[in-house]
Amino acid sequence: MKPKKKNSYKKIKKEKPDNKANDMWTLRLYVAGQTPKALTAFTNLKKICEEQLKGKYSIEVIDLLINPQLGTDDQILALPTLVRKLPVPVRKIIGDLSNTERVLVGLDLLPGS
Amino acid sequence: MLNKNLPKSPTGIQGFDEITGGGLPTGRPTLICGGAGCGKTLLGMEFIVRGAIQFNEPGVFMSFEETNEELTKNVASLGFDLKNLVKLKKIALDHVHVERNEIEETGEYDLEGLFIRLGYAIDSVGAKRVVLDTIESLFAGLPNQLILRAELRRLFRWLKDKGVTAIITGERGEDTLTRQGLEEYVSDCVIMLDHRVTEQTSTRRLRVVKYRGSMHGTNEYPFLIDENGFSILPVTSLGLKHGISNERISSGITALDKMLEGKGYFRGSTVLVSGTAGVGKTSVAAHFAEEACKRGERVLFFCFEESPRQLMRNMLSIGIKLETWVQQGLLQFQATRPTFYGLEMHLAATHKAVNNFKPDVVILDPINTFVIGDKEIEVKMMLMRIVDYLKSNQITALFTSLTSNQSALEHTDVAISSLIDTWLLLRDIELSGERNRVMYVLKSRGMAHSNQIREFIITDHGVELRKAYIGASGVLTGSARIAQEANENAELLTRKQDIERKKREIERKRKALEDQIAALHNEFELEESEAIKMIEIEQDTIKRLKQDKIEMAESRKAGIENITTDKLNK
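Residue numbers (the numbering used here), protein chains in the order written: chain A, 136 to 248; chain B, 1031 to 1600.
It is worth saying that the hints were derived from the structure and are not from the lab. Keep in mind that a hint or two might mislead.
[What the hints assert, rightly or not] If the Cβ cut is set under 10 Å, some of the chain B residues that face chain A in the computed set are:
hint	residue
1	1143
2	1150
3	1154
4	1246
5	1250
[To be verified] Among chain A residues calculated to face chain B with C-beta under 8 Å, some are:
hint	residue
6	204
7	220
8	222
9	232
10	233
11	244
Cβ coordinates follow ideal geometry from the N, Cα and C atoms, glycine included.
Build out the structure end to end from the sequences listed, making use of the hints.
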C-alpha cells in the first residue's frame, strides 16, 4: 500500500523537478559538533549528491551546538538529520545516511530513476 | 527536616503539596501517568505556570502533542496567560513535532537534537522546571526503539545533571504504569492519575505510587479540574483541629429547642435529620434556614431533589416564607442533580459556593441521593470532607438523609452517623389505620437532650411537636392520641362533675339540716307560744278565780285579803 502510494505521489511530483530541471536542490544537514556520525553523514551525503544530483545541489551544514535556536524551525530531534528544503515538499532523513538506498527513497530519487 | 534530606519544589496546586509533603523532588524527574483525558498535561502546565508565577522558577514546557498555540488557548480557560509569560521570559514553550512518515531512517543517529533544543529552551529562560508532555509520542515517531530507549535513559540522566525539576507524562499502559515502560527510567517519583467512570459519573483520582526518599500519602485522592485548575482535597491533610463554639442557635422549632436543653444546636455543629420518605425532613431544614435568616445570618441551601421554586412554594404551605430571605440576599439556593456531575465536582461546587457566599449555615437536602450504586465509601469521604471543611469555618451544617423503610432507622445510607453531632430521627408510626410522624433526638453531643419521643405535626404555621402518649400498645399518635386526650378530658369532666355533685349534696344536706333546725325551731316556738298561751289562760283563770273569790267575798262581805294573799303566794 505504502510504496504504491508513494509511486503515484512521485509521478505527479516528478514532473515538477523535470519541468524546472535547473532548479537547485537545497539540502540542509543538521549536526551537533564534529561527531563521527556527523562526519559520516556528511561524507555519505556528498557522495550521493555527486552521483545523483551533480551540479544542481547545495548543502548547508548547521551545527546546532553553535546555533541551537535553528533546530526548532525544522523540528529537529534526531541528529544527524538531513532536510530537503527544495524541491518541495520538505523531507527529512535521519541517521548517518549510510543506507544509501533508503536515502534515495527518502529524497525521492530512487523510484523511477 | 525531611526537606533537609530531600529538597522539594512546591507545585502550588491546591492539596498536592500536602499529599507529597512539599511538592515534587527538586532536580529530579517525576513521572505522571494516566489514561487519556485525566489531566496529565494540565498538571504539568500548572506546575510550570505556578512555578513561574508563585515561586519565581521559570519553566520549559516541551509538548509533543499540542502546538504552542493550542496549548496557550487550552490553558487560557484556566486563567493562565501563557503568551505574556513567554514574553516575560518566565516560560519557554517548545512544540516537538514528530511525524513518522516524514522521517526516513538511514543509519545511526541519536537524539542530540532534542537535547540541544531542550537545553536551549532551558538556558533561554533560566528554567528550573521542565515538563515533557508526552515523550511517548517519540515511540510512535521513531522506528528504532533501541536507540530511543538508550536516548531516553540518557535524557533523564541529563535532566538530573541539569538540576531541573522535571515532569514527564506518560500514557497509561495495559499492565504497566505507562505504555512504553517509562517508569523504568524515572524512578524517583511516580504519580498516577485516573479517570474512572462508575455508574455513569466520572471521578478523577490521583495517587502517589512512589516517592523515593520521602513520606507521602498513599491513598487515592479525588481531584477536580475547574476554572481554577487542579485541586486535590486530601482528607488527611485537613486534620481534626477545628475550633469549637459554645454558642447555641435555635433550630427554629421551639419545642425542638426545648428538647435540646432549651437552647438548640451548637454553632458550627453538624446536624443530621434522617427519616423515611415524607416525614418532614425538609420542613425541619426550612425552619432552621428561616430562623437563621431571622437572626440575620446567611444560609446556603443545597437542594438536590427539588428546584428552589418548588421548595419555596412547598414551604409556604406550612407557613415558612423563604422567598423574602432570598430577596434580601440572606438565603441562597444551589440546586443541582446529584447525577449532574461526579462527587469530586460536587465537593468542589460546595467548596466554591461556600467560599463565595460565606454562609453561617449550610443545608444539604438530602445527602444520600449521592449514593448511586455502591459508592458509599466515596460518599462518606466526600461528606467527611464537607463536614470538616464546614466545621473548620464554624459553619453550622444541617443534612437531611432519607432512610428506606426496610433498613434500620438508625442506619444512614451513607454511614456518616459518626460524623454527626446532633442527630434527629423522624419516623412514622402506623397505628389504627393511620400514619403519624414522631421525632426524637437520637444523639446530641455535648448536651443533656431530651429522650422523649414527640409527635411531629406539620401545620399551616410550621412544625409542631406534641407530647406523645405512651399507651398499652406503644406510643399513641394521631387520632389515637386525640382519643386519649378526649378520654382524659372526659375523665376530668367526670371528676369535675363529681365534685360539683358532692358539693351540691353537701349544700342540700346543709339545707336539709337547716330546714330541720328551722322546723324544730318553729315547733318549739309553736309549743312555746302554746305554753305561753296556756300560761296566760291559766293566769287568766287564776285571775278570774281570784276575781270570783273577791266577788264572792264581797258578796258575802268576808275578809278577803288573807285568803287571796295566801293562795296567790302559793
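A quick look at each hint next to the structure:
{"no.": "1", "hint": "1143", "in the structure": "4 Å, holds"}
{"no.": "2", "hint": "1150", "in the structure": "4 Å, holds"}
{"no.": "3", "hint": "1154", "in the structure": "8 Å, holds"}
{"no.": "4", "hint": "1246", "in the structure": "34 Å, violated"}
{"no.": "5", "hint": "1250", "in the structure": "36 Å, violated"}
{"no.": "6", "hint": "204", "in the structure": "6 Å, holds"}
{"no.": "7", "hint": "220", "in the structure": "13 Å, violated"}
{"no.": "8", "hint": "222", "in the structure": "15 Å, violated"}
{"no.": "9", "hint": "232", "in the structure": "5 Å, holds"}
{"no.": "10", "hint": "233", "in the structure": "4 Å, holds"}
{"no.": "11", "hint": "244", "in the structure": "12 Å, violated"}
Checked against the numbered hints listed earlier, the structure breaks hints 4, 5, 7, 8 and 11; every other hint is satisfied.
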